[in-house]
Structures are given as structure tokens and as C-alpha cells.
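**Student:** Combine the two chains into a complex, taking the hints into account.
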Amino acid sequence: MATHNPAHLHPRPALQARKSLPSSKNMVMAFHGRAPWYAPDGKNVEAYVVGIAGGSASGKTSVARAILSALNYVPTVLILSQDSFYCAHTPEEIELAFNNDLDLDHPNSIDTPLFVKCLLDLKHGRATEIPVYSFVHHQRMPEKKYIYGASVIIVEGIMALQSPELRALYDLKVFVNCDSDLMLARRIKRDVQERGRDVEGILDQYLRFVKSSYDNFVQPSSRYADIIVPGSSNHLAIELLVTHVKRQLDARSLRFRRMLAEANDEELNSRSSLLLDGDEQDRKVVLLEQTNQLLGIMTILRDRTTNRGEFIFHADRLSTIIVEKALTLIPCEPKTVRTPMGIDYTGVARDDRLVGVSILRSGGPFSHGLRRVIRDVPIGAMLIQSDPRTGEPLLLKSDLPYCVKSQEQSGEVKVLLLDSQMGTGAAAMMAIRVLLDHGIKESHVIFLTYLITRAAIHSVHRAFPCVQIVTAAIDPGLDEMHIPYNATSLLVGQSSGEADFAVRVVDDIAEQPHVAANGEEADDGHVDPREALKTEKELSAEKFRVPVKKGTEELKFSREHRRDQSSNGEKRAWVISPGK
Amino acid sequence: MSSPNPVSTCLPASGSNINKAQLPENALVLAPTRQLQSLLTIIRDEKTQRGDFVFTSDRIIRLLVEEGLNHLPVIDKKVITPTGKEYDGVAFQGRICGVSIMRAGEAMEAGLRDCCRSVRIGKILIQRDEETAQPKLFYAKLPDDIAQRFVLLLDPMLATGGSCIKAIEVLLDHGVQEEKILFLNLIASPEGINKVCTRFPKLRIITAWVDEGLDSNSYIVPGLGDFGDRYFL
Numbered sequence: 001m002a003t004h005n006p007a008h009l010h011p012r013p014a015l016q017a018r019k020s021l022p023s024s025k026n027m028v029m030a031f032h033g034r035a036p037w038y039a040p041d042g043k044n045v046e047a048y049v050v051g052i053a054g055g056s057a058s059g060k061t062s063v064a065r066a067i068l069s070a071l072n073y074v075p076t077v078l079i080l081s082q083d084s085f086y087c088a089h090t091p092e093e094i095e096l097a098f099n100n101d102l103d104l105d106h107p108n109s110i111d112t113p114l115f116v117k118c119l120l121d122l123k124h125g126r127a128t129e130i131p132v133y134s135f136v137h138h139q140r141m142p143e144k145k146y147i148y149g150a151s152v153i154i155v156e157g158i159m160a161l162q163s164p165e166l167r168a169l170y171d172l173k174v175f176v177n178c179d180s181d182l183m184l185a186r187r188i189k190r191d192v193q194e195r196g197r198d199v200e201g202i203l204d205q206y207l208r209f210v211k212s213s214y215d216n217f218v219q220p221s222s223r224y225a226d227i228i229v230p231g232s233s234n235h236l237a238i239e240l241l242v243t244h245v246k247r248q249l250d251a252r253s254l255r256f257r258r259m260l261a262e263a264n265d266e267e268l269n270s271r272s273s274l275l276l277d278g279d280e281q282d283r284k285v286v287l288l289e290q291t292n293q294l295l296g297i298m299t300i301l302r303d304r305t306t307n308r309g310e311f312i313f314h315a316d317r318l319s320t321i322i323v324e325k326a327l328t329l330i331p332c333e334p335k336t337v338r339t340p341m342g343i344d345y346t347g348v349a350r351d352d353r354l355v356g357v358s359i360l361r362s363g364g365p366f367s368h369g370l371r372r373v374i375r376d377v378p379i380g381a382m383l384i385q386s387d388p389r390t391g392e393p394l395l396l397k398s399d400l401p402y403c404v405k406s407q408e409q410s411g412e413v414k415v416l417l418l419d420s421q422m423g424t425g426a427a428a429m430m431a432i433r434v435l436l437d438h439g440i441k442e443s444h445v446i447f448l449t450y451l452i453t454r455a456a457i458h459s460v461h462r463a464f465p466c467v468q469i470v471t472a473a474i475d476p477g478l479d480e481m482h483i484p485y486n487a488t489s490l491l492v493g494q495s496s497g498e499a500d501f502a503v504r505v506v507d508d509i510a511e512q513p514h515v516a517a518n519g520e521e522a523d524d525g526h527v528d529p530r531e532a533l534k535t536e537k538e539l540s541a542e543k544f545r546v547p548v549k550k551g552t553e554e555l556k557f558s559r560e561h562r563r564d565q566s567s568n569g570e571k572r573a574w575v576i577s578p579g580k
Numbered sequence: 001m002s003s004p005n006p007v008s009t010c011l012p013a014s015g016s017n018i019n020k021a022q023l024p025e026n027a028l029v030l031a032p033t034r035q036l037q038s039l040l041t042i043i044r045d046e047k048t049q050r051g052d053f054v055f056t057s058d059r060i061i062r063l064l065v066e067e068g069l070n071h072l073p074v075i076d077k078k079v080i081t082p083t084g085k086e087y088d089g090v091a092f093q094g095r096i097c098g099v100s101i102m103r104a105g106e107a108m109e110a111g112l113r114d115c116c117r118s119v120r121i122g123k124i125l126i127q128r129d130e131e132t133a134q135p136k137l138f139y140a141k142l143p144d145d146i147a148q149r150f151v152l153l154l155d156p157m158l159a160t161g162g163s164c165i166k167a168i169e170v171l172l173d174h175g176v177q178e179e180k181i182l183f184l185n186l187i188a189s190p191e192g193i194n195k196v197c198t199r200f201p202k203l204r205i206i207t208a209w210v211d212e213g214l215d216s217n218s219y220i221v222p223g224l225g226d227f228g229d230r231y232f233l
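Residue numbers (the UniProt record's numbering), protein chains in the order written: chain A, 1 to 580; chain B, 1 to 233.
Looking at chain B on its own, in the form it has when it is part of the complex (with noise of 0.2 angstroms):
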């Protein structure tokens, strides 16, 4: 699990992104504008207080949403206008709801709220157990109906997998549809998004930034430290 490369103290200037031919075609990126760059920068800085941290995550939870509800299905729609005019558009199907994986997917439900007003959202805690290291699930508490439902799975950072993969396991469980599970995510490895891609095919992920790699304890590298830590606490 441990990064195959030594990580050197100052990485080269990170001013694209990931090359997409190296990413499973089920993962999608945010387009890397210059915007979503200055987001990145603030996030990862050090000195960046609460506040701003916050603020600026909020945003880039904010577009990844708004990314991630695209990939839902639309039902054409004629609406007439106040003008009297028809008009072709097309209708929202509702039908989803959001999980958050505790406790940083938690800082993604309000973004999620803020698009969708009324959307069902379920949590589910999974922690490393340490006599196996491996992620184990805690606490699980879904919609009764989320079988019928599109799930968007919320967790900012996405290192190795292994919460995530439990995560989705969960989820299937629960008789969710793979392919209508959507992953949304803020800063993602390599490595990490490779093995749930490859684990999932018919899932999608969509996310804002794919780092450089894993440092020998695991942790996405630039990366932002930890996110729950410093949006909660």
C-alpha cells in the first residue's frame, strides 16, 4: 500500500492535471481551469484558516455536484412559457439521495442540499480495525428505498480505496444498482481511484483533482492534509 516512488520534498509545477488516457474510463475530472487551480491552492495551503477553508471547499463541493448530477438521467418535458411560447425542456427524475462516508463526506451534504433541496441523505461509518487494519463497517443508516434510487457517495479524499470499496460494498448490500452509484470526490490518488474503478466498472467517479501519488503512511500527496481535521476541527 505504501507509495512505489520516494516523494520528493518539492514536486514539479502542477499546472494540469492528470493525463486522462492513464484514468479508467469510468473515472471523470473536473476540468482543470485556472479557477479550480486557485480553489486547490488555498485548500492545500497550510496557512489557509478555517474560514477560508471551508469557503473554498464548500465551492469545489459546490461544482463537483453540480458535475456529479449531470450524469443523472432526464425525461424530455414541453412547458409553456410566460410568454405564451412552447417550449422543449426536459425534467428532472428525481429519485436520489446522497451518502456520506463520516465524517469528512459529511462537509459534501450541504453541498449536495444546496442543489437538491430535499434530498434523502443516508451516513455510513467505517473506521480501520486495528488488530486486521482493515476498514470495517461501524455504522450504516440508509434509506429504506435506496434500492430504487441513484446514490450519490460523498467522500472528499479518496487515498487508497479501502473505506471507499467498504463503503460501496455496503451499498450493494443494501440492493443498490452499481451503475447507479456515483462517487464524489475532492482530491484523489492514483492508486485509489485505480483499484475502486477496476473493482467497480460500472460505478463512476467524479472528481475534482487526481494528486501526485501515496506517501509511505498512505496519505495523498501534495495532498491537503487531513480534510475532516480541518474542516471540523
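Extracted from the complex, chain A is given alone in its bound form (with noise of 0.2 angstroms):
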């Protein structure tokens, strides 16, 4: 087994690498954003893993991408190949390669180690970077390929059931079953047409590798094999395995918001007292000192009189002061300088492995602040938006830096996270998630917000009690509201309010027969995040008992609801309400 080198890190990829790359086998397909993949305790939810085996060209990427695109409704499927697993060679291995003397077929030329921790990585949820071979190098290359976001992985290569490691984490296990002429047919057309290999070489290889391999290695690893698929003509095979598919994964869908919600309601009632007294004894709430400054930016901020222009500037003043006051929390060392007069001078220099990450849109009027502060920050997005079918938050992109995605940095590096404001609390985990998931550590997370409800701070921190929150602003609780409402702009992610945040949609709890009564409710102005959710609670119990009377099924109900409500210009949301 040769290890891998850690040698080729490369902390930013040159552009031109990734052209050059040979076309892979590894895909993800996204087809739209990725649905909450982890419980209101921020516990990740383990990936669907189904792992395909079978001889060399015997079909085993034909029946992996049918289950893909037979899985469309899923928002990530990731392909992964076990050719980018092949060992590291050295120089002599690789002159046996170009004379077609390596043995590619046995099981030892797959590097299982690495094979089995990215998948497991991938299995549960963190980010991971797989090698990347070559077959025209017959190398592994330098570079990496950084991997993130799967709800089902796919893993294909004869080898794949070969190694009890890496069966122990298939859910499925396939193995494609193809007669061996067709299988070496299919050999010789790609390995000329796309590997540069001449006929000669090919069966060569063939007789002398693939063939004992196969029949020693591949196909006794049927056996382990759950079904077993023909490698053509196996529509009817293919049909039968996504249809289980599918049912594994309904089982394990989350209806994550209202769970969160629930789980609040539950700690509401349990630890009232916790959230009622607004004791801030948890020290990883840092307000920021209520200043005469603050608060009269707060009090224009607020104001719904106040112009765009003078929101933007205040807006930007704001940001600055938060993003000062953040970076007193960030750890500095001892550093000796000599001043212009001769004399030494011992101070501290600030730890700058230091990133920014925005979560879009709202969080982009930070990134300005904290260029201004730092102005050599990498600054990376990710983009949340709610879905306004499920009001789950759904992360649609994330474009993080370089360090953030290198296993090997990304320990050390802390993370100024920003978004204007913080309602649920939903978007936020699912922001703070995303990076756990790539080995940030949670006390190197620091949440940068302008305003911020208790029920977020407390949602926020039972899953995640280390992430400190700095806030200009805390507020009592959501308060829910009508706003008018246009379907297709909100799909195209523009909330009612460009300047107001304080009416950014938070949530989309759309039930026709309700929204005259809460509007009321949103009139009276109560405060009490209790009552806040506790109405969302009764909603969602309306909400399950009419499909059934009806005998419709749930969500088709609620997709057919939304496009009638949405003509009606009117949508629910949570506010967040300064409480009076």
C-alpha cells in the first residue's frame, strides 16, 4: 500500500490545473439547493451510500449515473469513482505502466486507507478532498479535488465491493453482471479512444491482468452483493433499485424547521426561565456596549422612514463596530517591534489565519466592514435561501476559501461568519454546519450580526454551544406577518425588502384560513417568543390534519395551496419584532 503524499498541497490550485484534468469519473450533481442534512441538535444525517461493483467496461457508470438521474429529486447525488484511488506510483512502477507491465487489476494497486476515510468522510457529511489520477500519466497527479455535499454517494470500480472496510459502509450493494466478450469489447473501444492505448497493449493487459483479476478478485465479490444487475439492457433492474432507493431516503427525511421549531417549544416550556429573563450568562453572547452611537444608528436602522441611502451608510458604519469588537475575541501573540525612535517595543500581533464568510444576501453589507478592517481577508458565501415550498432553509452554494477547504489548514483557521440578522436561527446552523463540516472547529466560529433574536441565540447554541455571537442587538422574539408577496421574485431570492432587513423573510408558514387571524395577532404586537411559536405549532397541526381530510397528500397539497396563495399577494412570515 503506498501512502499518500502530503507534499502535494497546494493551498490555492493554479487555474490551469483544473483544464487539464482528465475527464473524470467522479461527478456531483446538484439539481437544486441542498435541504437541511443534519437534526435541530446539529448532528449530521449519515449519506446513502450504494456501492456498484462489476468487471472493467462491464457498465458499472452506465447504471450509477441512470440511478442519478433517476434520483432527481434528490439536491446532491455525488459519483465516486474508485479510479482516482489508484496508489500513488514511483518511477519504476510507472515505466511498467507505459509498457503496460503494471498490474492495475489486483486489489493492492487501490489505495484503500485513503479510499475508506474519504468515503467515510463523505458518509458523514464532512467535506473531503479525493486524489486525482491520471491515466495518461499512469500518476497520481499533484493536485486534489475538493468534495462537499452529497446525500447520496455512489461508489464504482471493480474493487468496490472487495475491501470489508469499505462494504461496511455501502447501504446498497450492486454488482453489474456482463458476459466477458462484451465486457473486453467495451475495453478496447475506450481504452484507444479516450486512455491513448494501442490494441496490442490492450489485450495484452487483458490476458495477463484483468482476466485472473476478475475471475479471482471481482467476480467472487459478487456474493456480497445485495442484487445483482445485468450490465445491459437493465432498465427494469435499474427501475427496481431506485424505486428502494428512494424509500430509504424518504424515511429519512427531516422536516427541519418545524422540528426546530418544536424542539424550541419544548425547551420554552422546560427552561423558560432561561430565555424569559434575558440573562446573557452565557458569555458566547457578546452586545456590543449599548452606546449613545449605537443606539441612534440602531434607532435609523430601524425606522421605517428611513431612506436607502442613509440605511446603507449607517448600515456600513455599524458593520465596522461589530467587526471591531469580534476581532477582540480573537487570540494575539507577543511580538517585539523597534519603534522610528531606536527603542523596543513589546507588543502583539493578531493570529491571521482569519477568513470571512457571508451568508447571501443579507450578509454582504458586512464584507465591506470587515475589508475595511482587514484588508487582505479572504472573504468567502455561501448562499441560503428558505424554500417557499417547505420553508426549510435550502444552501443553494458555497464558495468557501482555499484554507477553509484544505483538510489540512482548515483546524487553525477561524471564521468571522456574517448575516444581517439572525430570526430562527435556521439559516444561521446551516451556515455554521457547512463549516464544521470542513474540520473548522466550533469555538473558532464567530457569528457576526446586527440584530438577533433569543429564540436564534438559543437554537443556535444547543446545537452548536461553542460558537460565540457577536450582536448589536438582541430582540424578544419572531412576531408572524402578512407582507405582500410574489411568488416568483421570492424564487429568484429577492425578499420583500432590499433595505429593511428587519422584514427579511425568515419563514413562509403559508394557510390561507390563518392569515387574517394572525394578522391580528401581529397587531397586537405580543412579545412573547412563546406565543410566537406556539402558533406556528397549532399551524403545522392544522396544517397535517386537513391533507388528511382532504386525502391529499401532504406536500402536493401545499405546493397546489401555494400557487393559489401566491396570487393572492399575500404571504406569512416570521419578523423579527423589537418588542413593544
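Calculated directly from the structure, the hints in this document are not laboratory data. For clarity, every value in this text was computed on a predicted model and none was experimentally measured. Treat the hints with caution; some may be incorrect.
Said to hold, decoys possible - Anything over 12 angstroms on all C-beta distances counts as not near chain A; from chain B, calculated:
#1 123
#2 136
#3 148
#4 160
Stated by the list, open to error - Label pairs and their computed distance ranges (CB to CB):
#5 A:312 x B:78: 19 to 29 angstroms
#6 A:338 x B:144: 44 to 54 angstroms
#7 B:233 x A:136: 35 to 45 angstroms
#8 B:110 x A:441: 32 to 42 angstroms
Glycine included, C-beta positions come from ideal geometry on N, C-alpha and C.
**Tutor:** Below you can see the structure in the form of C-alpha cells.
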């Protein structure tokens, strides 16, 4: 077993390298945003892993892709090919490989420990970096491929069912069976076209390595398979497979937002004192000193008559104050310098392994403030929007700095997570979960925000107790309101208020008969967060009852209902209330 | 005016700021956070290039301006939020102006304007008279209605306090009330701060750091050299 060489690390892969990568069998398909892959306690739900083995050119990849396209309602499906995990070779082995004398069909040619590690990372929802193997150079390439965020992982390769460590990770094991002559014919065609080899070499290699390997290792591993699929004309088999996978996934699906609200409700009932006396005994929440200037800025930001220019200016000014406050939480090392007066001065220097990550769109205003304070700080972004159908947060995109993506470095990186406000905490939890999945330590995450609710603090800290939060104001709770709503504009990510993040839509629970009643509640202006949450629970109880009455599937019902409602021009939303 | 103590070439670790009990009541020092210390370490380092010097001192200036603005009075104000709720807030009174002591003080104007977009800014030029060795007013351009305003007086270094006192006298001559003057300062010497505060007990000084003292040339030590030269030239 060759060990993989850590000297391959590049902090910033060259752009060219990406282009020169050989066309890979690994692929990630994302059909839409990724719904929460973790429970309200912040723990990841494991991804569903399918292992597909079979002879060389038996059609494993086609089976994998057929499953992939049949699962098109799953947000992210990853195909992981064993080809990436060939061991790194010595120069002698490379010479053998160019003479077609290197046995790549023996189980020992696979870097199984690395394969298991990568698959384990992915199964547990962590980001990983897989090696890149080039069949043109017969060598593992220096760059690595960063992979993150799959709900379903399909592993394919001739030895996929060979190792017991790998088999232990699969939820479903598939063997693709195909006639030898068909496999050889396909192999010749593929190797000539895609890997630039000549027929004689291919045949020679086939007789010496491939055939014996298939007979000795691959074919026998079929006994571990849960299902054996033919390598051609296999539509029916794939349909059966897909039905099974769908049923498994449905059993795991989470109604995250509802669970969050219910969990909060329970917590509130059992530990109400904690929230009601507003005790920030939890030192993980840093509230800016409520100075005159801060109160003045908050007044301008909250005032609905404030024009956009004023709003932007003061939001920007406040962002700098918050960032400066957050930086006081970052540890410093002693450093001695000499002043122009010729005198030594013992000061301190800040740890520079610091990055910012803004939750788009509303975290955007912070990045200017952050750059004003640290000129060259890397700023990543995550686009998280709530799904207008289910109200769940959806991760649409994450662009993280290189040092976060690198497994070797992320353990030391400190992250300033930026969002203008936190209502239910759902988007914040998703963003924090993404960071933890990348190996960032929980205590290294500092969340910066203008405005937060007690419920959000609670949700976030129940799941991630070590995350620090820096905020300019804490509001008592969420109120439900109905605000003008246009379904199409919401889908492209435009919440109703541009300048007024105080009305940013943080949830979307529409139930037509309740809009009027709820509007009254909002006017009453209750402040108890339990009230707000109770209302939602009652609502969700209603929501479950109605479809049963009509004998309709719940999801389908709510979608149709949504369509009716959008024409009505109003939507229900959670908004942070200043508590008057 | 020379320092009473001979200055050693290596001062003890400056981990904490000067004992606040030694300072006059009307002198305020920013909280000595590690972050602030790391910024000061950068601008004190003689190897720091201008780009980093300007950027870092601008950051400290911004902290100073934010702190200075906190000492201005506000008035209560109720507003309606976009959610339809009432919020008990406060409003700024306005009626402030900045006055920079040329030339180093000009470096602080941008920081003030970053926080108060349309603030009026006046200028005072004070130089040492070579004959008398006393600070002398060469030029003053101040807003007409300065007497009705709070004045943020800007000068990054407070060494002996001579030019600062001269500038304050100019402001008082223009009718500014002493209690309406806030002097914003990056690094002060204990001598300078005591001298200004004793002379003008109603004025308030806000400084980022109080250093060890002055050397025989009346430069602040350990200091950071000539602020204006490092920022502009």
C-alpha cells in the first residue's frame, strides 16, 4: 500500500491545473439547493451510500448514472469512482505502466485506507479532498479534488465490494454482471479512444492482469452484493433499485424547520426562565455596548422612514464597529518591534489565519466593513435561501476560501460568519454546519450580526454551544406577519425589503384561513417568543389535518395551495420584532 | 520640557495601558484590547511600510472617532419599524464639526468623515516660532457657526501639549465652549495629557494609548516617530 504524499498540498490550485484534469468519472449533480442534512441538535444525518462493483467495462458507470438521473429530486448526488484512488506510483512502476506491465487490476493497487477515509468523510457529511489519478501519466496528480455535500453517494469500481472496510460503509451493494466478450470489446474501444493506448497492449494487459483479476477477485465479490444487475438491457433492474433508494431516502427525510420550532417549544416550556429573563450569562453572546451612537444607529436602521442611502451608510458604519468588536475575541501572540525612536516595544500580533464568510444575500453588507478592518482577508460566501414550498433553508451554493477547503489547514482557521440578522437561526445553523463539515473548530466560529432573537441564540447554542455570537441588538422574539408576496420574485431570491432587513423573510408558513387571524396577532404586538412558536405549532397541526381530510398527499397539497396563495398577493412570514 | 528619566533603550513589556488612576478625570483611554495592541504594534514598528501604516492608523482613528462621538448628547426618538412596531430609540443632535491641527491632524479627517458624512471640518496651522520656541498660530479656517457646535479637535500625537493648548485657545477665542471640545488623539505622553487636562478641566481628551514619556527632544517614547511624515511623506 503506497501512502499518499502530503507534499501535494497546494493552498491555491493553479487555474490551469483544473483544465488539464483528465475527464473524471467523479461527478456531483446538484438539481436544486440542499435541504438540511442535520438534525436540530446540529448532528449530521449520514448520507446514503450505494456501492457498485462489476468487471472492467461492465457498465458500472452507466448504472450509476442511470440511478443518478432517476433520483433527480435529490439535491446532491455524488458518483465516486475507484479510479481516483489508485496508489501513487514510484518511477519504476510508472515505467512499467507505460509498457503495460503494471498490474492495476489487483486489489493492492487501490489505496484502500485513503478510499475508506474519503468515503467515511463524505458519508458523515464532511468535506473531503480526493486524489486525482491520470491514466495518461499513469500517476496520481499533485492536485486534489475538493468534494462536499452529497445526500446520496454512489461508489463505483471493480474492487468496490472487495474490501470489508468499504463494504461496511455501503447502505446498498450492487454488482453489475456482464459477459466477458462484451466487456473486452467495450474495454478496447474505451482505452483506445479515451486513454490513448494501442490494441495490442490492451489485449496483452487483458490476458495478463484483467482476466485473472476478474476471475479471482471481482467475480467472487459478487456474493457480497444485495442485488445483481445485468450490464445491458437493465432498465427494469434500475427501476427496482431506484424505487428502493427512494423509499430509503423518504424514510430519512427531515422536516427541519418544524422540528426546530417544536424543539424550541419544548425547551421553552422546560427552561423558560433561561429565555425570559434574557440572561446572557452565556458568555458566548457578546452584545455591543449600548452606547448613544449605537442606539442612534439602530434607531435609524429600524425607522421605516429611513431612506436607502442613510440605511446603507449606517449599516456599513455599524458593520465596522461589530467587526472591530469581534476581532477583540481573536487571540494575539506577543511580538517585539523597534520603533523609529530606536526603542524596542513589546506588543502583540494578531493570528492571521482568519477568514470571513458571508451568508448571502444579507451578509453582503458586512464584507465591506470586514475589508475595511482587514484589507486582505479572504471572504467566502454561502447562498442560503428558504424554500418557498417547505420553509426549510436551502444551501444553494458555498464558495469557501482555500484554507477552509483544505483539510490540513482548516483546523486552525478562525471564521467570522456574517449575516445581517438571525431570526429563527435556521440559516445560521446551516452555515455553521457547513463550516464544521470542513473541519473548522466550533470554538473558532464567530457569528457577526446586527440583530438577533433570543430564540435564534437558543437554537444555535443548543446545537453548537461553542460558537461565539457578536451582535448589536437582541430582540425578544419573532412575530408572524403577512407581507406583500410575489411567488416568482421570492424564487429568484428577492425578499420583500431591500433596504429593510428588519422584514427579511425568515420563514414562510402559508395557510390561507389563518392569514387574517394572524394579522391581528401581529397588530397586538405580543412579545413572548413562546406565543410566536406556539402559533406555528398550532398551525402545523392544522396543516397536517387538512390533507388527511382531503385525502391528498401533504406535499402535493401544499404546493397547489401555494400557487393559489401567491395569486392572493400575501404571504405569511416570521419577522423579528423589537418587542413594543 | 525634557524627560525627567533617562530613557532606556528597551522598555518593559507594554502589556497594559497606563494606570487610569494616574490620569486626570477628563482624559479617556480606549480599552486596551489585544486587538488595539496589535494595531499599535504595527504602527510603532519602524519596518512597517506606508501602506500598512496608513491602513492601520486609519483603523485606530475610526475607533477613536466612534468613541468620541459617544460623548455627544442624543435626544430620545420614537420610530415605527417596517414591521409596524414602535421602537424607543435616540437621535443624533448633529451640530458638530471637526477641526484638524495641520498637518498630522489632517490624517484623521477621513476617519471622521467615514462616520459623519457631511460634517464640517476646519483647519488650524500651528508651528513653533524659531525665535521664541513657543507654538504660534499661522492659519485658522473654521466654520462660521463654530460657537454653536461641538468640536472634535484632531491631532494624532500629544507630546508636550504646546500646540494642542494653542489650538484650544484659538477655539475658545472663536466662542466655542470648553465643555463642547473633544480632543481625539492616537498616542499621548503623560506629561502632555496632564498639562492639557489641568489647563482645561472641562474639555475631554480621548486617546488610544498613553505612552511611557518624553525623551530629551520632547518626542514620545516608545512612540512611533513623526506621525505626519510616516502617513504623508
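**Student:** If a hint holds in the structure, say so; if it doesn't, say that too.
**Tutor:** Comparing the hints with the structure gives:
{"no.": "1", "hint": "123", "verdict": "24 angstroms, holds"}
{"no.": "2", "hint": "136", "verdict": "26 angstroms, holds"}
{"no.": "3", "hint": "148", "verdict": "20 angstroms, holds"}
{"no.": "4", "hint": "160", "verdict": "15 angstroms, holds"}
{"no.": "5", "hint": "A:312 x B:78: 19 to 29 angstroms", "verdict": "23 angstroms, holds"}
{"no.": "6", "hint": "A:338 x B:144: 44 to 54 angstroms", "verdict": "47 angstroms, holds"}
{"no.": "7", "hint": "B:233 x A:136: 35 to 45 angstroms", "verdict": "58 angstroms, violated"}
{"no.": "8", "hint": "B:110 x A:441: 32 to 42 angstroms", "verdict": "37 angstroms, holds"}
Consistency note: the structure conflicts with earlier hint 7 alone.
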